[in-house]
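Chemist: If you want the building blocks of each chain, they are given just below.
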Amino acid sequence: MLKYIGRRLLMMIPVMLGVILIVFTLMYITPGDPVDTLLGDDATPEMAEQLREELGLNGTYIERLGKYLVNLAHGDLGICYSTKQPVMDRIIQTFPNSLKLAGCSVLLSVAIGLTLGIVSAVKQYSLFDNIAMTLAMIGNAMPNFWQGLLLMLLFALHWKILPASGFDGWTYMILPAITIGTSSAAAVARMTRSSMLEVIRQDYITTAEAKGQTELKIIIFHALKNALIPVITTIGIQFGHLLGGAVLTESIFAVPGVGKMMVDAIKARNYPVVQGGVLMVALTFSLVNLAVDILYAFVDPRIRSQYK
Amino acid sequence: MNEHTNLLEIKDLTVHYVTVDGTVHAVENLNLTLPEGKTLGLVGETGAGKTTTVKAIMQILPDPPAKILTGEVIFCGEDLLKKNKKSMRKIRGKQISMIFQDPMTSLNPVITVGEQIMEVIRLHDKKISKKDAYTKACEMLELVGIKADRAGDYPHQFSGGMKQRVIIAMALACNPRLLIADEPTTALDVTIQAQVLELMRKLKAKYQTSMIMITHDLGIVAEICDYVAVMYAGEIVEYGNREQLFHRPSHPYTKGLFACIPNLMEEETTLIPIEGMTPDPTNLPTGCRFHPRCPYATEECSKTNPASKEIENGHHVKCLHI
Amino acid sequence: EEKQTTDGSSPAPSETSSESASAGVEKGPVQTSDTEKVSSKDTLVVAFDREPATLDPLGNNVTVKRMIEGSIFDTLLEFNENMEPSPCLAESWEQIDELTWKFNLRKDVKFHNGDPLTSKDVKFSFLRVGNGTLGNDAATQFDPNGYETPDDYTFILKTLEPWAFTEAQVCSEALSIVPEKVVTEMGDDAFGRAPVGSGAYKFVSWTAGDNITVERNDEYWRDKSILKTIKFRIITEAASRTIDLESGGVDITLGLPTTDADRIEENPDTQLIVSTGATDRYIAFNCQKDVFKDKRVRQALNYATDKESIRVVCYGENTSETMDSVVPSTLPGHISSLKQYDYDIEKAKELLKEAGMENGFEVEFMYLANSTNNMLAELLQQMWSQVGVTLVLKPTESGALTTSLNKGEQELCCAGTSYSLFEAGAGLYNMFHTERMYSGSARSNLSSPEVDKVLDEINITSDAEKRAELVGQAQELIHEESPFIYIAFTKNIIGAGSKVRGFVPTPTAMYDFRTVYFVE
Amino acid sequence: MEKTKDLTSSSEAGSIKKRSQVKEVWRRFCRNKQAMVGMCMLLLLIFAAIFADIIAPYDPVEQDIINRLKPPSSAHWFGTDELGRDIFSRILYGSRISLTVGLIAVGLSSIVGCALGAIAGYYGGVLDNIIMRCTDVLMAIPSILLNISIVAALGTGLQNVMIAIGISSVPAYCRIMRASLLSLKEQEFVDASRAAGASDVHIIIHHILPNSLAPLIVQATLKIGGAILSCASMSFIGLGIVPPTPEWGAMLSTGRDFLRDAPHLTAFPGMAIMFAVFAMNLMGDGLRDALDPKLKN
Amino acid sequence: MSENILEVRHLKKYFPTKRGLLHAVDDVNFSIKKGTTMGLVGESGCGKSTVGRLILRLTEATDGEILFYDDDIRKYDREKMRHTRRRLQIVFQDPYASLDGRKSIFESIAEPLQVQKIYQNKKEMEEKVYELMATAGLARRLANSYPHELDGGRRQRVGIARALALNPDFLVLDEPVSALDVSIQAQVLNLMEQLQEQMGLTYLFISHDLSVVKHISDEIAVMYLGQIVEKAECKDLFKYPSHPYTQALLSAVPIPSIDYHVDRIVLEGDVPSPINPSPGCRFAGRCRFCKEKCRHETPELKDIGNGHMVACHFVGEF
Ligand SMILES: Nc1ncnc2c1ncn2[C@@H]1O[C@H](COP(=O)(O)OP(=O)(O)OP(=O)(O)O)[C@@H](O)[C@H]1O
Ligand SMILES: Nc1ncnc2c1ncn2[C@@H]1O[C@H](COP(=O)(O)OP(=O)(O)OP(=O)(O)O)[C@@H](O)[C@H]1O
Ligand SMILES: [Mg+2]
Ligand SMILES: [Mg+2]
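Protein chains in written order, with the working numbering: chain A, 1 to 308; chain B, 1 to 322; chain C, 1 to 520; chain D, 1 to 297; chain E, 1 to 318.
Certain hints may be false.
Unchecked claim - Keeping only pairs whose Cα atoms sit at most 16 Å apart, straight-line, the calculated EDC-like set for lysine to aspartate or glutamate is: (1) K294/D <-> E149/E; (2) K160/A <-> E469/C; (3) K225/A <-> E115/B; (4) K85/B <-> E46/A; (5) K407/C <-> E46/A; (6) K453/C <-> E469/C.
Note that these hints are calculated values from the structure, not bench results. Computed from a prediction, not measured in an experiment: that's the story for all the values here.
Could you put together the complete structure from these sequences and hints?
Modeler: Structure below.
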């Protein structure tokens, strides 16, 4: 197992290099000059040139890439063009927030999605099933900003039970987590339902029944664990996406997250921050994937025995 | 056959599967008795309704689509069909246990075999401690010839034969009075099959458990059954003890079955297969259900469904021409 | 120096003119009445729309940053309610000759760390700005070798040429006075994240992306703040800012979306504060492009535009004001007598015909993609189609837009300008002087010798009256050239909780929160 | 003999025509109630898209400033937008672009994704490793960055927007395809086909694809709404559809500023998107079932 | 020129696995005469299917020769192999798994004709398919059915029709009846025999059920762990089973009669792992007669007369 994890960690290196290369190239070919955004409107061309020199934007593609990689090898992600902070600091400021938010949303979506999915599967074709699956579809299709603002209007303005925006404590996390959570809950619910449906038709479920086990316990002890693999996969992907992709929700609820930081940086062509942010998200994404794979092993001994 | 008390008596059992495509008459007016401590072989083609019958005994038929229309399943003097869910759960696993058709899929792949055996022990003996249950589970494994230290292993770490033995251990864990084995060896290799049969025979001798053995292999029947019931399209067409059936097969279907098995011991001639296919269960033939495939069928066979006749002591045949 | 914003999403909180009930303020804050009891609440939460990159006065000038800086730092001079430079850190000042100015500093000023503020710090602050590369041109007119500190409380500065806006420039927050010792110790970048000044508030904390908190400076050299703490919260989403105000999470919201103004006014829990600012919104022809080289084409399209409709739809009937000149009505020298290009399709067609363009043509309109600008563009497109002009819309992503505009690639764009020095001349110079072509403020890239001449003259005219007159001249000339289509003067719309008292919408955007308090 | 029996029955049924697989799937599809509801919904949308010129009561770009932001009324069923345009007409016209974007972007990404996934899964080894690592990389890059760069490189315009959206969702399909391929290629019927002399391409197209379609269809139908929304978010930062072209996503984003005063600006395009997504999902589920001959309706 | 249609020499297949080389087929030699049936029996996992697949090159052999009409097909390139496939066909073990569940019976049978592009004319091809269905005893009306709608016997017939589509000379029958019910099994076996008579087909009949193999084969090879341990004429093998494993195998088959009583030789334990097998007789671990020698020396396949070959050191001694 340790060896397996080690190998997977090693495999992350080429992926990270690929991420850097692609992001670097994408940013390189995208028109727009960070200097224009950084400098005020009344800056002179000389100032611009000087700044460009200072930021190392004058080198060729290869020079710049090489320099970035060398710095990276020393653990240096560069300096944010606008705030002049090390990119690492900026990531440290925003990343935990995104992590918390993503974590909460995933927990929520798992709670909702699993319950809906299981009940739907057990009561296949019932009214509940139909309603739950329709809700899932709507939850999936409903734009986040819409849902977010509606939630905010209801909970913060109308009922005044939750704060509207900001990120000051766990109460602040509820609304954004619901906003994101419900849309990914839809995916989890659908996935759970279909994989549960497959499992409850298996022979070992009948075996458990023949032992005299109760229905609830059969579902919890026997069926769920077997149905979990595709659900975990979905959750892993969702988690990865939420880390850097909850931009709209982050800005609506004024959550200082890494997604918003990256989008702002992209708009300002703040290269080091974009690269650092993407790298961080990619790294976490890979780690989450690894965690998912390890989780597989926990859930399913057959997979466990493959990790040698 | 009545010299023993009957452990199980099935009377007029009718089970239908109601589906969109029509109603499957899986089991129709089925009567069956099993004396205490004996083994009954239930033989018949695929789809004859063997599994349905035993699932009806256990009351684990999927509902919907399955519907038990009429009948009684009297086990130890009580009609199981009248029992509620809860008391039925107490009987399952404890009084009657079942071995399913496919050892490869009957074990939960993500739970250790020890725990799976423990589960049934603890379900029916609420007082037993976890540790004792585990010890008991290990004993059961040893009993079926698997080393106790493998209790912590997962099903995929066992071979097919071992899995089947685990299932047997699980089924025997609570000393059931009736063990139902649904084609316990079809998925296994001949040599492994021999091992499993050997084991079952030993256990039967040791615990005096009554058993229903479902199979379509007459060879297995010859080996371990005391009584044989031949099923065809949801009905028992012939019932008798081993000698009666093997020496004097009387129903044309039973005869056909014997004729189409290549026999290792006898000098070979050509096989005489039973013509045609199992009838469409949603659209059964009128009269005797076997008549479209029966070489002796007459006009009458297509009209009257014959009643079961006792042609000798305990040998029942359902044919007009006996 | 002025601030131009090319985005027009929601007018950023900008400069407002004069104090409550005075000319610029249309809808002043609720006044204190005797029956109200002062609340013990002593934290004010102010929401604004974007996070400053740094709080170093040296950094790129963004309105929000200046406002926060205003509370942390002091400048030598400051604008009073009539937008005239008045004493601040400098008790008094005088012009010694055409180029030389002398400032006498107060002796009782201490930085937040306890060190006294001396002329050395002033010199250091001015030099820093001169050396900066970050687009700060606040000191470009000053002679870097001309700063003198004869004693601890006297500071002398020299301009390179005679320059009329020296006093106004000294008021600008870029020339806030920073402690030399602290800055040298901390380094520029770190100082920008945790500034130390001499202002009414001390910096407390900065949670990236979330808030910046400052606390009352109890050692302040003049009236201290009533409230103990101010928390500046960053809420980028306009709708969220409004909701947070309504739900009580925020006490003052800057940059309220125009669509929410009515709601805030009607809500008994909130109050609306509207004041005229010094911000223009206009559509700029790129005069260097062939289509727009001919003044008549520009005038024709000006006639073809129903400016009032655009203003009402995009900037709100009551939250903006008709723009009748490039100089905002609040600035000295503004003239309201210009003959407007009133919406007149016939006249437009006529002029186009004169210019030989009666068969119509295609123009590309480049603008920052956001919903306000989209509306503006769509309205314009429909209007111009009536005179045969096909407007090709090119909404552009912000990162690429500035670069394109700075290269003058656009044919037509929309933009806005804030006159942050409150000197029309300074703003006009940046927008229209040939010198400034293709710079960030000069979106029309106009090059006219007559205009240049007047603007040059304004620069060296120290007499305010005279200057105002020249500004009037410049406006006429520019108006005739028609480089812009005037859309609106936008107002500053501020929302506040109904319990907030004492907020004065100052003209400088360096809102002074010292007088703010709550009632029960 | 059984054989003769079957043969005799065949002579009377000799007229039985061989049905093609497509027809067969269609027949099963038609029997699925939900799928038919979904298809009717979609047909309605397509009908609206094609005949928008005829049905729409107003010109979708005709502005009427006086009547801006009017709530639904008999004159304007869905009300008017911020420039006084008829929202109903705009939704009708908008279906053209939105449906195109949804369908093409999803179609593109699913085709490319499937092809890559199929290659990776079928051939395995180094190729598999390379392709899968590439998708890992692609998955880790924020789609907004990808979209900005792709559109910046190719230029704005509907076509490029669809390509951009398509590319950023390739990895998901690639993964799904590969996963089902890994298990499918070991199946005996694949060997049977090979034993008959079939080429790899034949096997992938005729056996593996039809058998792995179910999860792909589910994924694709779920993604259609997402594609429309990402098109909107691109328009929102100036990379997508250029106004005044009506497009649901863009209408939704513009309406955002008026969410509280004129909720109908967001509600109707939002419902239109949901309607389309719902229709697609119903159809997708129906198609999945229809593709599987084992499931009878 | 020999009368052998197929000859296999030193056929080897080692699968690389994580735990080592899996010796699925280890030096297998046999030949089959035209028009006869060779039975291949052995426990699950002993490599029977692999042999069948190797012969068709569905799996590439590690080593050895496969002479089809005295020509080594292992040397053929893709195209030539594709053509040869017409003459070498296989009927798979599991009729359900070997049919694509989404293709109708017609499509499944037509596939070989399509991929080999035998008929340009659609009509002709259809006719051929119906003809094949008739040969295999399938009613025409089943053409539009799907595999799941058929019972096992009919499915297996589809598999057979499919294999016959290209008029092969040689058929590998990989446990064609093990998934079938006894009565249907008899039908299929009869059909096979009938086809062999009519078309002069040659079969390699793989099974683990000795009674079935006995019924259909002319010659039988018994495999154990990738190797052939005994090979003989059908009658000889049943009369004088000489390898201890063959004896156990024979005794393990339940006899559907209560008159015979066989002394069952129950083999202890399961089939040992074929990964990196240790030298010596592979059956040694389960053999009742195992001696010291068996553990070290691999027994050769020896002729004990009449072409009856056995690989055991102590053949005839017990
Ligand atoms: N869940 C179900 N729904 C509908 N029909 C069913 C269901 N289960 C079984 N049947 C039908 O009922 C009949 C009897 O099935 P059953 O499983 O009892 O047969 P069996 O004798 O056990 O066959 P096998 O030897 O294949 O196990 C068959 O025709 C079968 O198709
Ligand atoms: N592709 C493969 N990769 C690795 N090992 C394989 C592969 N195919 C087969 N094997 C192994 O080769 C051995 C022989 O397999 P094969 O399928 O030939 O057995 P068999 O005799 O046909 O068994 P059965 O009776 O179960 O069909 C087995 O141990 C199997 O696990
Ligand atoms: Mg059964
Ligand atoms: Mg095999």
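Chemist: Each of the hints needs a verdict: does it hold here or not?
Modeler: Going down the list of hints, with the structure as the test:
Restraint check for K294/D and E149/E: the C-alpha separation of about 8 Å stays at or below 16 Å, so the hint holds. Using a Cα cut-off of 16 Å, the hinted pair K160/A and E469/C is violated, with the two alpha carbons roughly 56 Å apart. A distance of roughly 14 Å separates the Cα atoms of K225/A and E115/B; the hinted pair therefore holds under the 16 Å criterion. Simply put, K85/B and E46/A have alpha-carbon atoms about 87 Å apart, too far for the 16 Å limit, and the pair is violated.
With a C-alpha separation of about 15 Å, the suggested pair K407/C and E46/A falls inside the 16 Å cut-off, and the hint holds. Between K453/C and E469/C the alpha-carbon distance is near 14 Å, which keeps this suggested pair within the 16 Å criterion.
Consistency with the previously given hints fails for numbers 2 and 4, ordered from lowest to highest.
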